[in-house]
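A.B. asks: So you can see what is in the structure, the chains are spelled out below.
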Amino acid sequence: MAYFTKRYHPPGTPAGTLIETPASGRLPLQIRLIDYDEGRIMIRDDVKVAECAPFLEKASTTWIHVQGHPTEALLREIGTTFRLHYLALEDVLNSGQRPKVEPFDDQLFVVMSMPEMRSGRVEVHQVSLFFGNNFLVSFCENSSASFQQIVKRLGEQGSRLRSRGADYLLYSLLDMVIDQGFPVLENFGLELEEVEEQILGTSYQATLGRIHSVKRELILLRRLLWPQRDVINQLMRGDDALVREDTLIYLRDCYDHTVQVMELLETYRDMTASMLDIYLSSVNNEMNQVMRLLTVIATIFIPLSFITGVYGMNFDRTVSLWNMPELGLPYGYLLIWLVMAAIGLSMLVYFRRRKWI
Amino acid sequence: MAYFTKRYHPPGTPAGTLIETPASGRLPLQIRLIDYDEGRIMIRDDVKVAECAPFLEKASTTWIHVQGHPTEALLREIGTTFRLHYLALEDVLNSGQRPKVEPFDDQLFVVMSMPEMRSGRVEVHQVSLFFGNNFLVSFCENSSASFQQIVKRLGEQGSRLRSRGADYLLYSLLDMVIDQGFPVLENFGLELEEVEEQILGTSYQATLGRIHSVKRELILLRRLLWPQRDVINQLMRGDDALVREDTLIYLRDCYDHTVQVMELLETYRDMTASMLDIYLSSVNNEMNQVMRLLTVIATIFIPLSFITGVYGMNFDRTVSLWNMPELGLPYGYLLIWLVMAAIGLSMLVYFRRRKWI
Amino acid sequence: MAYFTKRYHPPGTPAGTLIETPASGRLPLQIRLIDYDEGRIMIRDDVKVAECAPFLEKASTTWIHVQGHPTEALLREIGTTFRLHYLALEDVLNSGQRPKVEPFDDQLFVVMSMPEMRSGRVEVHQVSLFFGNNFLVSFCENSSASFQQIVKRLGEQGSRLRSRGADYLLYSLLDMVIDQGFPVLENFGLELEEVEEQILGTSYQATLGRIHSVKRELILLRRLLWPQRDVINQLMRGDDALVREDTLIYLRDCYDHTVQVMELLETYRDMTASMLDIYLSSVNNEMNQVMRLLTVIATIFIPLSFITGVYGMNFDRTVSLWNMPELGLPYGYLLIWLVMAAIGLSMLVYFRRRKWI
Amino acid sequence: MAYFTKRYHPPGTPAGTLIETPASGRLPLQIRLIDYDEGRIMIRDDVKVAECAPFLEKASTTWIHVQGHPTEALLREIGTTFRLHYLALEDVLNSGQRPKVEPFDDQLFVVMSMPEMRSGRVEVHQVSLFFGNNFLVSFCENSSASFQQIVKRLGEQGSRLRSRGADYLLYSLLDMVIDQGFPVLENFGLELEEVEEQILGTSYQATLGRIHSVKRELILLRRLLWPQRDVINQLMRGDDALVREDTLIYLRDCYDHTVQVMELLETYRDMTASMLDIYLSSVNNEMNQVMRLLTVIATIFIPLSFITGVYGMNFDRTVSLWNMPELGLPYGYLLIWLVMAAIGLSMLVYFRRRKWI
Amino acid sequence: MAYFTKRYHPPGTPAGTLIETPASGRLPLQIRLIDYDEGRIMIRDDVKVAECAPFLEKASTTWIHVQGHPTEALLREIGTTFRLHYLALEDVLNSGQRPKVEPFDDQLFVVMSMPEMRSGRVEVHQVSLFFGNNFLVSFCENSSASFQQIVKRLGEQGSRLRSRGADYLLYSLLDMVIDQGFPVLENFGLELEEVEEQILGTSYQATLGRIHSVKRELILLRRLLWPQRDVINQLMRGDDALVREDTLIYLRDCYDHTVQVMELLETYRDMTASMLDIYLSSVNNEMNQVMRLLTVIATIFIPLSFITGVYGMNFDRTVSLWNMPELGLPYGYLLIWLVMAAIGLSMLVYFRRRKWI
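Taken in order, these protein sequences are the chains called E, G, L, U and Z. According to the working numbering, the stretch in the first sequence is residues 1 to 357, in order. According to the working numbering, the stretch in the second sequence is residues 1001 to 1357, in order. According to the working numbering, the stretch in the third sequence is residues 2001 to 2357, in order. According to the working numbering, the stretch in the fourth sequence is residues 3001 to 3357, in order. According to the working numbering, the stretch in the fifth sequence is residues 4001 to 4357, in order.
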């Protein structure tokens, strides 16, 4: 996850300008048209936008799903067909928007952030939804297996999704996007549990890097997911006639999930902060232990080495009796060993008593 | 307590799906039916759900308590009998939900988190309550002695619990669940007092681990208990005709308890943060003391050892008078001892004066 | 101040249960009856509860002050006489409640926390007040000189306290309890000023303990005093007909005091946090200074000792001219002294220039 | 600035008690009477309170400014003349109140905190204002040049201050008091910029003390100035008929200033926190650098000294050929120098490569 | 960016005083007059203020853009022509105001802060806008290319900017100012990514300075940009008839941008805090590693050096057999080497096993 993810126009550009950004290894563009009512369903892939127009007239629910990054021309075409506002289309093109819901006349424009684990790293993709009375246009830059899941449920005769209108489809998509947070957070939870085991055991530089990367991703994820709560909340208030009364109960369930996701995120943030503290003091503790033992050893031998130094001096014993008479004592060597042992032991005892070793 | 406790479906699953998770060493499932009014009480264990249905017709209060993890089939059966919403039933099965209250038509669905001390560790279990006009269905994965307490009180002729309806039973259960927080917090309080004694005394690595584990459990507990306040608050607002006017005064008492629990939690969190600071500076202080004394000793002996090194050199005194004439002085050895004593003492005095030892 | 101060019943106990906790060295129970109106005052000590009943009928204001921990029997008796709610009585018995105000029919139940300095330590006692139209029942576990102060003012003919009703008495008691905060905080202020002088001077372990104990007491005090603001605020809103219009102006004054107390508490908390930071860096600074000087000394002597070591080696000069020829130089010894002095001085100069000593 | 600045009565004292605190080197008391309308102005110094009374009857605006600490008698006299509430008078006498505005019948009582730089230190003085329909009574313990500024503007014929009533005078005084914050904050800004230059350069203990003192004063200043915002806000709401519609626009300007002052304070607080962090890590960095170089030197010489120690041993070469044969080699001394040089250099290279020196 | 950026008058100066501050190397003053409606546009540079007056009468939209710091005389002239309030004019002259919107009669006065990257550093300039029914007067001290962008769009026949009135021009300018935040934040994002790479690699003092400077600029930028949200919010509430209904949708887009800017700022602040933590522990870790290895080396050689010291003592072997008999052993030298090797190796093994090296 990069720090700055928003694509933006140079300041001063008129609002609603559609400028295509160079596609960098994106998925090939795919448009899928699904038209269904309780009785029948029709799924057509790689349709032309013009082919969708007639379906809007009918009472059945029409869902256009655009996968991959759309071109400017395509957006314009879709915009004209479904009468979408160009301010909203601009936000589809400049992905990296924060989650929001914006009412336009008889439509709602909803932006969501969908987190996903990809080869051990979190990726966040923008999902844009236009939602009108009997249609829904969805954009997702990334191919998610979960969208396929919804299509599959639509295919099942008698499923709740089939018998209800576009607003229930909207709810199902929102719920799916939000629920993507759980596997991601479960992943973070496992990571934190692993880190926790590490920090009170041995401490490597790697642990530090891991805590940092978790913290960093949580901070960035938080910025992207936090506004989702407001999105669902705004939809739940039901100011728009577009969302029917009996769908509100499902949105409430959805809201509950966003709150759970955010609470987990906050808890994990608290935990990483706490873990960093513990890690640091753990490292410190270990270092202190090393330093302590080693310094104690050094300190015991320093005075002893001094003594051996003294008796290694070459004062001329032949000049006077006062020059190093100890060297001439018959038991001088033994004596000096005893003295050194006494000094060493008493220091050991002292250190032990003060609990330094 | 694990970091990630929620059981969740794969994203894209339709809302209200009941999928049984493999039971891991859970309690055997027990269903108890209690039907009472002011005059009489009937308690029946291990009933079939079908047997409960007739009691719903009567004016008396019916309480079904399900202990252990329910199977999908049982939930469906209960759901049909008591006309419970499948969105709520999903939350019973996927335990680890955050506390909440959700109104469904003529029912309330309440989720609570019940903390308990089990062999020195905190465990949190989900308690789910369905509450209608004259019935209450409660689910608890764990056998708690406190539920038994309520049953006992119900058994007492003339107790307030008997003479009032299902809403007072709801209050009693909520109050019981919330009050479980006090023994848990008392436990934390004692733990913190013990830790406090340790940190200003000697400091072991163990203290650090203990502070961390208290902090960790408080963070997790906070996430689970915090929403309980909102639950009680929502019930107190009395929007639902289900809770009678004269029960509100008891809910207020209950609310007061949740606030107390949360305030204690927050205070303890502040205390652990403070304790970690103190612990760290205490460890630091102690280490500094060790290092200081030991370094002082080393520093005093280093120049002295240098002097003994000088007079241990083998310059040839026979070549010239300038080569180490000190070695030939009659009192050279004594002199050098005096010089070394003077140096050592003056350093000691200097260190003392600067309060380094 | 202990971490966990609330006395609580085992979870599942019915609300309003009065269970006496074993009295541990408490004050002997004292009941004082004061009945007054503008014209006359009557003070009677150690009355029976039954004797108070007739005074309730009269228009004059009746104040019952219970000092010490009441027995269950006494509470029941008072409860019956003054028609007090058993939920409130439970809170009187289980002291350690958070400050709150609870309306019951035609009464108000107010709980306050009264901090006091006792032999240099903060103690907090619960003050419980029942306040009706023409009576006030107060409970305080501790004998406070300040209650006596109010009684004295009541005794003064023509004092404002005498000429106004029970609500002004309530205000006077609340004001007195809140103002107890000022001497306690003044004490903390003085303590902090003393600590501040210490931290930038020499740093002992004792300073750390002192900062910790101030911080700890502020955290605990904050939890107990913070809700007082809400209590006064709730009374000021004047929803209850019990508090007369012209007493509200005094409650506003009282509210102002609670805000001042809380702001001081918060400021002190900020200060202790800041002081801990400064203390730690101060200790660190001092330690660095010690380590630096000592290490410099060691570093200068280590190369010099190496040199003396070299010329203390016993290579056989008789074998070849290449073996330690320096030892045979006429001025070798002087030379080596010059070399060592040069090395030592240049290191000193280098360290000086880099400002390490 | 002291930690505890409020003068308070012993708890239990009746509200509105006026007790004079012993004046400690305060300014001599000065009373100035100014009476003006659009056409004329009259300024009289050292008036008696009784002389002011007649001016109240007139339509012209009357301003009494009391400089220095008033005596109890004077306050009583002013209180009676202008019908001021004794609760407010108590707050004038017990200076150190928090800024607030309190409505009394047909008057407003406003308390403000005026910060000032005095010989490099911040001082905060209480300014108390009583404001009625056509009069304003102001109290300030300190002689501020800025009050003189207002008087001077009043003197100018045709100034806006002259042509408008007492509410514009009130605004002008409030604005003046609030704007005192800017020079004080400018001072802090300069101080912080100086500190910032210091912390990334050399680090002295003095820098630490400076950061601490800035932080301390900001914390204390914040407590005193923060409530000013509420004061202006409350006046702006215009609940009182006293402040005329066309003065509100000026109060809005004034409010803007308080917000600016508070935002600067908060920003500076953030900056000092950040600076302390940087200072600490800067000190740490420098210390690490010292320790590293010095330890490297020690480490290189320790093995070398060991080698010289080995060849300084006195094993008897005459006993066997195995005893220190190296000493008898013709080039032994040269060899040992080569060995030592090799060891020293390879260690240097190793340390260099790991970037330790 | 300096800490204290506001120009202010000495306290006590009357509101609305216009005092010119000495111009320090500012741009030459430029006044540009643009008058347009859907059909035609007229751009005139370096006009006199008097020439603008007639345009106000017409229905077409008149935009006066003043670049550079205006003189007092000019401001007065503009003020009189467009009937601008002197309180607002004061804020134009004393730049460094916080963003705000103030309604005056039939005008709005809007202050914005425009951040810009100039040679790698952030600069913030005040943009002041007066907005009436059919005119807009804008002041900007700095020449921004983005203003030119708006002029260019105005020049395009049929652009939305031309066909709508002054309120859409206001929106376009606000949007442009706010969008200036994105390149600045992108810059910070890149800086943070670079710093992040540094902190987990090698750690130089420079990294610390860089983190500090980013943190500092974010804190200052936050203070300047935060109130922009309120500005747009206030305009969006549409209390003023000046902003037409159909422009509100654009302001909503604008508001969305301010929120994005602020969220990025907050996220970056969190990130720098996190990075400082990581940096510090990274430095600490590296230092620990150095100290550990070096101390281990020292500790191994200290006892060995002691042994060589012992056998360097000169006890007189001729006096007795007890004086250093080891020196006379035929294999004494070999033996002592073995002993030293054994000690050294066992210490190495011990240290290895405890993972200290």
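Everything labelled a hint here was simulated from the structure, so no lab data went into it. Quick caveat: nothing in here was measured; it's all calculated off a predicted structure. Any given hint could be a false lead.
Said to hold, decoys possible - List time: in silico EDC-like cross-link candidates among lysine to aspartate or glutamate, alpha-carbon distance up to 16 Å:
| hint | chain 1 | residue 1 | chain 2 | residue 2 |
| --- | --- | --- | --- | --- |
| 1 | L | 2006 | G | 1256 |
| 2 | L | 2006 | G | 1263 |
| 3 | U | 3152 | U | 3045 |
| 4 | Z | 4100 | Z | 4090 |
| 5 | E | 6 | Z | 4256 |
| 6 | Z | 4006 | U | 3186 |
| 7 | L | 2048 | L | 2077 |
| 8 | G | 1100 | E | 253 |
| 9 | Z | 4006 | Z | 4141 |
| 10 | U | 3100 | L | 2106 |
| 11 | Z | 4355 | E | 253 |
| 12 | G | 1006 | E | 286 |
| 13 | E | 6 | Z | 4141 |
| 14 | Z | 4058 | Z | 4090 |
| 15 | L | 2355 | U | 3116 |
| 16 | G | 1058 | G | 1072 |
| 17 | Z | 4006 | U | 3256 |
| 18 | U | 3100 | L | 2256 |
| 19 | U | 3355 | Z | 4253 |
| 20 | U | 3100 | U | 3230 |
| 21 | E | 100 | Z | 4263 |
| 22 | L | 2006 | G | 1038 |
Stated by the list, open to error - Derived, one-sided and incomplete: chain L residues facing chain U with beta-carbon distance under 7 Å:
| hint | residue |
| --- | --- |
| 23 | 2209 |
| 24 | 2213 |
| 25 | 2253 |
Just so you know, even glycine gets a beta-carbon here, dropped at the ideal spot from N, CA and C.
A.B. asks: Sort out which numbered hints this structure fails and list those numbers smallest first.
C.D. replies: Hints 10, 11, 12, 13, 14, 15, 16, 19, 22, 23, 24 not satisfied by this model.
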